[in-house]
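A.B. asks: Protein chains in written order, with the numbering used here: chain A, 1398 to 1800; chain B, 581 to 919; chain C, -8 to 422.
Be a bit skeptical, because a hint or two may be false.
Stated by the list, open to error - Straight line, CA to CA, 35 Å or less: simulated DSBU-like cross-link-like pairs of lysine-lysine:
| hint | chain 1 | residue 1 | chain 2 | residue 2 |
| --- | --- | --- | --- | --- |
| 1 | B | LYS693 | B | LYS889 |
| 2 | A | LYS1517 | C | LYS342 |
| 3 | C | LYS26 | A | LYS1517 |
| 4 | B | LYS889 | B | LYS711 |
| 5 | B | LYS744 | B | LYS719 |
Hints listed in this document are in silico derivations from the structure and should not be mistaken for laboratory results.
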Amino acid sequence: MAIHTDPPASGFRPSMLINDTRYRGLTFQFIALVLLIFAIAYLVSNLFGNLAAAGLNISYDFLGESAGYDINQRLIPYDSQSTHLRAAMVGLLNTLLVAFLACITATLLGVIAGILRLSKNWLVSRLMSIYVEAFRNVPVLIWILIIGTMVQQLPQPNAFRGENASASMLFDAVALTNRGIYIPGPVFGAGWTILLVVALLSVAGVVAYRRFALKRLYDTGRILPLVWPSLLILLVPSVLAFFILGRPVTLDYPVLRGFNFGGGVQIGVPLIALWLALSVYTGAFIAENVRAGILAVNRGQTEAAASLGLRPRRIMNLVILPQALRVIIPPLISQYLNITKNSSLAIAVGYADITATLGGITLNQTGRAIETVLLLMLFYLIISLAISAVMNLYNSSVALKER
Amino acid sequence: MTKTVVLGALAGVGLLAGAAGAATLDDVKQRGTLNCGVVTGLPGFGAPNANGEWEGFDVSMCRAVAAAVLGDPTAVQFVPTTGKTRFTALASGEIDMLARNTTWTFSRDTDLKFDFIGVNYYDGQGFLVPKALGVTSAKDLDGATVCIQTGTTTELNLADFFRKNNISYEPVPVETQAEGQQQYLAGACDTYTTDASGLAATRATFENPGDHVILPEIISKEPLAPLVRHGDNDWADIVRWTLNALIAAEEMGITSANVTELAASAGDNPEMNRLLGNEGNLGEMIGLSNDWAVKAIGAGGNYGEIFEKTIGENTPIGLARGLNAQWTDGGLLYSPPFR
Amino acid sequence: MSDTHAQSVPFVRESFIPEAPPPETDTGVVAWLRKNLFSTWAYALLTIAALYVIYVILAGVLPWLLNGVWNADSIQQCREILAGERGGCFAVLTERWNQLLFGFSYPTEAYWRPTLAFALLFVAAAPVLFTSVPRILLVATLLYPFAAYWLLWGGTILAPLVGLLGVIGGYLVYRRLIDRSFAYGLLGGIVAAAAIMWLGGFVVADQPRFLSLLPVQSRDMGGFMLNMLLGVICVSLSLPIGILLALGRQSSLPIIKWICVVFIEFVRGVPLITLLFVANVVLAYFLPPGTTFDLILRVIIMITMFASAYIAEVIRGGLAALPRGQYEAADSLGLDYAQAMRLVILPQALKISIPGIVNVAVGLFKDTTLVSIISMFDLVGMIRGPILASTDWGGVYWELFGFAALLFFVVCYGISQYSQWLERRLATDHR
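All chains, full assembly: derive it from the sequences and hints.
C.D. replies: Take a look at the structure:
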């Protein structure tokens, strides 16, 4: 450029810090930084002043001490002699467990409800509207409490006892009680590893078949059936192997033993209540996202697909859903985050998540409020950031590739 | 460099202010109300009634202290606290004292920097079971599901008891008394465990209290005591001796009915005279007026009266005096002399 | 062609046939049923399943609702009246009505005050929510916070009056200085407001009895009133903070942007309950010794922080949705940053963000129930605490939880319907 305006040679005047747009940004940032540092310094000095006045200190030593309390739901070995840190880990895993389960069921529920709400069946679409509005407009804590109370109305184990028991097991295998759902658990005998290998191979086979079918579709335009061959590939080898190997995996049925059922696998009632509550609550939100996503796809797309001669199911699968997904995924991610965060209300139904163990019992027993609450926030922050990172990766993979 | 100076200066100011705020008595007098931490709702010990007034055994302790310090038993601001918030509320100065059936333990007294000022109720942890279960001893509870209120020492006692007896159990943590009761009645747990007094209080609200029994084993010592912040000994003395005054009053036969009469003139019991301010100057020694004990006793009566009114055998709670009888009646209540 | 009519004359109709009604199967109830409920066998199955679900729900709820007891003193009495039949014990609602709405320690004789404040809320909100309402009512909106403060907390009317004067004074100064620069205007306004309030403080301290209502402390507030209070205050406070955060996050100044990003992501990454724990058990340690402001204030700070991060994200979406041309147009007019934002960008961005903001507000209002976990007696706290713990009403949970759910549903459904109405009205694209 020919015209090049140098800054005025008169030099720098202090008023330029405010009036000159080149420097004003720097001034503001400097002021903001100084204010921030002062605010933090003020808070921290208050903290140390208060702690010193009360004779307390900040220390994470308590994490290594024995916790002394028991936890009913644990994915890793734990007893009352384990450390507070281990109790926190048990809680963390429980948080992840319920969040994971609730994400899956909430998605299923939400997709079904969202599609049904758009269905032409008057009754069903109204029913789904009622479901969505009822759950969206009432606080999740109230739903957790209500559903927690609901599952308490299941029969207690005692009701299964005796000659004229008032409750009975489903198929002699599943017991629904207000202490948990008892289902038969697998017992692994000799040779089960071979079975596992066979099963894994069948899964790989299904994937391979689907790829093959897709390639075939693109190459020749012929559509191969997908559902029943997949099922065949998945099930037949495993079932055959199961019998050839002489039933290496048997089932252990729950039976009444002492105060409770023994044997089998127990899914505790707090987990069920929280899982259910989070699923139906978040499901209502996801239903709305799904509905909005489907409605966001231009009507012309449906009509274009129909004019190509596609049947309604294929229109949904091949045209609408792939486009709708792009609209649905981002709010879905925030719903998953919400599930994780809402799972912190677990203590209302007695589920031992991380808020209940680290932020509840450990805090109470040790009195280390600052340390535990900070640690708790850190855990949640890490979980949240991890979920959004993973989901954003997925999101960018399905996002429209624009050139 | 500048930053450290600023930090240091700020910290110094903080320390000074902290020292200035240490005289709880002055704060209370200046404020005109006593901030007293209580339970969020436990019938008999501390719960708002239908009119929203707090009443109960622990609540009466707050009122007695308010009467002794401020002369007015209603000059109390009750701050409901949960198991989680009670200690922070006290440590941060939000409340002046905590009377919330809190167990006196070593670590709370030392590590958490509190001063327990004396036991106002000797309790122990027990088990409540339905009669129909046919259990007669806590040792029969192998494999049982146990409802337990979180954030209390009962949780630790429970773990210890079952470990010691080498039997297993499954805990169901609940947050409030009401939820524990709800779970227990729905049969979601076989037994509910908490302080025996709390069990009695809970059982009293049942539809058929007779269908439930409290097992004979008391698995822990639970001396429930009011507490104050560590380091303000003057304030601790006031609360401690208010409690002692209530206990001593029962021993000497001073009741809310006759306290004004007895205080009107010096009698022939020198200790009673000193307590009621007719002899010596005990009140001045703790920075209060000489009739402090008269006001404290006048607020809700002596220890025995408070007990009978809130949790005694004629209330729905129906607790016997037991360990909480005067030492002269075979109990553990034993006030140091007023001298 | 059939042979039988081979010889017939070709028929030509000379008049129209009168319109025949559609066939029986295509009109009325039958057609509606066929079209909407039984069009295919899958739909028919679905319909039957839906009917069964409705039956199960109604069979469970109706007897409980219709057979309910509305007059009794305790659950024991309820059980006597019901004599073994199924029915709700709704007497708890009538007996504890005031406690559910106002908490247990709000002075009984002052119940009219929150009720009036609640009614006035509609007057104050109307001009903001509906553009058809006369603009003059915006004065009511401005006056409302001060009037509501006076009604709810009581004390002398001078305190809110001084606050109002401070705001007005600050605004006048701001108007005078805005011509020089936005920063000057803002600074001058704040200084003037603070000065007036500081001076007014002496008047208030001098005349504490002037037109005084019975003072009520924050911790005496409870019940549904507390939920409303927290919801309204925190949403109103979080709006301006959210706008600032959103602008900060969009800003080109790296340090400011960085501060805003960290704040927003941090707050959005943790559950509200942990922030409430901070308010309850940690915040006191970070304040100068001796300043013990009460729990409700600490909770308001934390919920406001929480809400403003979410609102900031909504507004950021609005800012991002504005076409780039709007920014460039504002620049080309020679507007500086503050002017461009104030006059061009924000009015449009806020308009786009309104539905999102309303959603955040509804979510926040629902989240105010979490304060029950930190021993505050809001509606849920009242139910879980004093009412269910009382000897009279221990065990009446369905009725109480149902009532709480209904109350929240009415409010939240109302707001979300408004939001949808607004969305339709604001929709400028014609699809």
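A.B. asks: If a hint holds in the structure, say so; if it does not, say that too.
C.D. replies: So, going through the hints one by one against the coordinates:
1. LYS693/B - LYS889/B: With a Cα-Cα distance of about 33 Å, the restraint between LYS693/B and LYS889/B holds, given a limit of 35 Å.
2. LYS1517/A - LYS342/C: holds, 34 Å
3. LYS26/C - LYS1517/A: Judged against 35 Å, a Cα distance of about 8 Å means the pair holds.
4. LYS889/B - LYS711/B: The hint holds at about 29 Å.
5. LYS744/B - LYS719/B: Holds, at about 10 Å.
Checked against the numbered hints given earlier, this structure breaks none of them.
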